[in-house]
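Let the sequences and hints guide you as you build the complete structure.
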Amino acid sequence: MKEITTLKEFACTPDRFQGGHRLCPGCAHSIIVREVVNATDDDIVVSTATGCLEVCSSIYPYTSWDVSWIHVGFENAASVISGSEAMYKALKNKGKLPVDKPAKFLAFGGDGGTYDIGFQALSGASERGHDFMYVCLDNEGYMNTGGQRSSATPVGAHTTTSPRGRVSYGEKRWKKDLTMIMSHHGCPYVATAAPSKWKDLAKKAAKGFDTEGPVFINALSPCTTEWKFDPADTIMMSDLAVDSCVFPLYEIENGTKLTITYRPKNKIPVKDYLGAQGRFSHLFKKGNEWLIDEWQKHVDEYWEYLQKREEAGV
Amino acid sequence: MAEKYELKTKEVWDGNTAAAHALRQAQVDVVAAYPITPSTPIVQNYAQFLADGYVDGEFVMVESEHSAMSACVGASAAGGRVATATSSQGYALMVEVLYQASGMRCPIVMTVVNRALASPLNIHGDHGDLYLGRDAGWIHLIANNPQEAYDMTLCAFKIAEDEDVRLPVSTNQDGFLVSHTAQIVEPLDDDTAYKFIGDYKQRNPMLDFNNPVTYGAQTEEEWHFEHKARQHKALMDSPAVIERVFKEFKDLTGREYKLVESYNMDDAEVAVVAMGSNYETAKIAADKAREMGIKAGVVCPRSFRPFPLKEVAEILKNVKAIGAMDRSAPMGTIGALHNEITGALNAFGYNSIVTGYIYGLGGRDTTVEDNLEVFKDLALNAEAGKRVTPLQKFIKLRGPELSFFKVGE
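Protein chains in written order, with this note's numbering: chain D, 1240 to 1553; chain E, 7 to 415.
Bear in mind the hints are in silico, worked out from the structure with no lab data behind them. In this text, a Cβ means the ideal position worked out from N, Cα and C, and glycines have one as well.
Reference excerpt, derived from the structure (chain D facing chain E, CB under 7 angstroms, subset only): (1) T1302; (2) S1323; (3) K1328; (4) A1360.
Here it is, written out as structure tokens:
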């Protein structure tokens, strides 16, 4: 398993995902992607769902990818990589590829391409037990098309299809708990990750690459454009998410062993996280205070649930 | 190494069994598929071949046809031989990815068993699915019986993977009428069949890690047009390869295939043009028509895409009246095949009387007698030297007669 221990070491890793792409300044996608693809020295094939990462990294005749890369559609990144992985196995079995040189299979999708339209493909590929890792770049909405809601959009968030208005406080539903759903697919390894905790992310990615079978990592990807915060504050936003336990960092092995991988020393109030983003600004207006209280309650309950599971070793 | 399958020189196979054996003999590296009636036995047979050690590639039983074609694209881009099978609704679910497969020039072979599209739900044969894939950038070959289902599938690999083509190919056989009708099929032995197809030749494989490639790039107004135009050119140029492969196949087996098949066309004054099992039925009807003094012939485009415009025009140029047989609901215009035929004739300066017949939707039985009625209609037009029958008729439709553009209307 590849280990990166210092930031300098990480910064000096050759780029498999090159700069010069067209992602927004302050976009967390490129940070996460670089950390993931650099977490192994093995050869990799990458499949990417339609979305911000894909449109910004493969505009013909340019490409940001210094690895084999394929994009087919919005809803099928997992199916596509399962096909590539099957071909790798077939050619290896037939003696048409070197047996001593391992290759890894990796898929990226946004939350739209993962939680929603690509969920069936992800569920199928995971159930079939392909040896691949799927990383969801979760920016909590359809940001490539101008910020529409997805099933990863959290309650109270303003999006263009769940807008705040005279009689609405924005999104009405809590975020779908996809990481847990994937842990129940028999995946040997699932984890959450955030770009501000880069060592934790790199370690999980390396562990994922090292694990045989389907691996799912849900990475929070703060979106400067649609969450409405300054592009310089991306990493801070990620820190606020994990320090408030809005996006807790944990891993689950074999669907049964949950480990919390980051425990904030000082758990900050959820309102600090919400208050830092324009998409929640209306929650701080008179009449909406109850929702901030609900948020805190919801986050606290879930954090407690995770701790109970960890303590019980389940 | 997969075991050889001992075959007799003559086997009694239905179209599905024939197609499945062709896939086995091609030593496909990855088959990703999802079962659907009436093509399910192709997938089942293939699974059994695998279970019995006759296949050593990967068989990926995906959770939908969308994922089947998506996995095929991922596998093909990785760099090996890929195939699948489907019908009808499954085909419809794949359509998005059919365009992506051809756009990325993935030489995937798909054995299609043609079936009607819902609604109303129907499991029987018509060409609704084939027509749905018409503009998807695939080569679509037509097989009219189990022998042809076998032969076309072998040829499909060789055409798809040719250096000058590199496009996906579908082979089409009528649901049940071909897929489930057992006939004598003369297969090649495993070694001969594989040798005919040849080893897969990689082009820009993702698994060549020394040369990373990007598949499925974004092209907007600066480049999209050029990509699509080049893909179209590959299709337009593909008949030369199809004919070369057919010739090699004839040299090997004695069975001759052409871009346009025909029966009794040398002196024909009237002709039916049909794809699929009705080509065979119409041949018998043509014989009967000739007994009645009607100089009848039958034509079948072997390839629906690329459409052999020139060859179709050439074979029909002296025919006075033509019946275009479309086995799909035209939904607001003349049939797709009708359109192709009139387009071909017009393009090359010929002016026969063409009428359209919609037949066999949802597996409605279309008999020798039904075809004979068409020949009688055509004879009326030929004799009058102008169209005296409606432009579009529906064969054996219950209820009041349905036709459009009657003469004088």
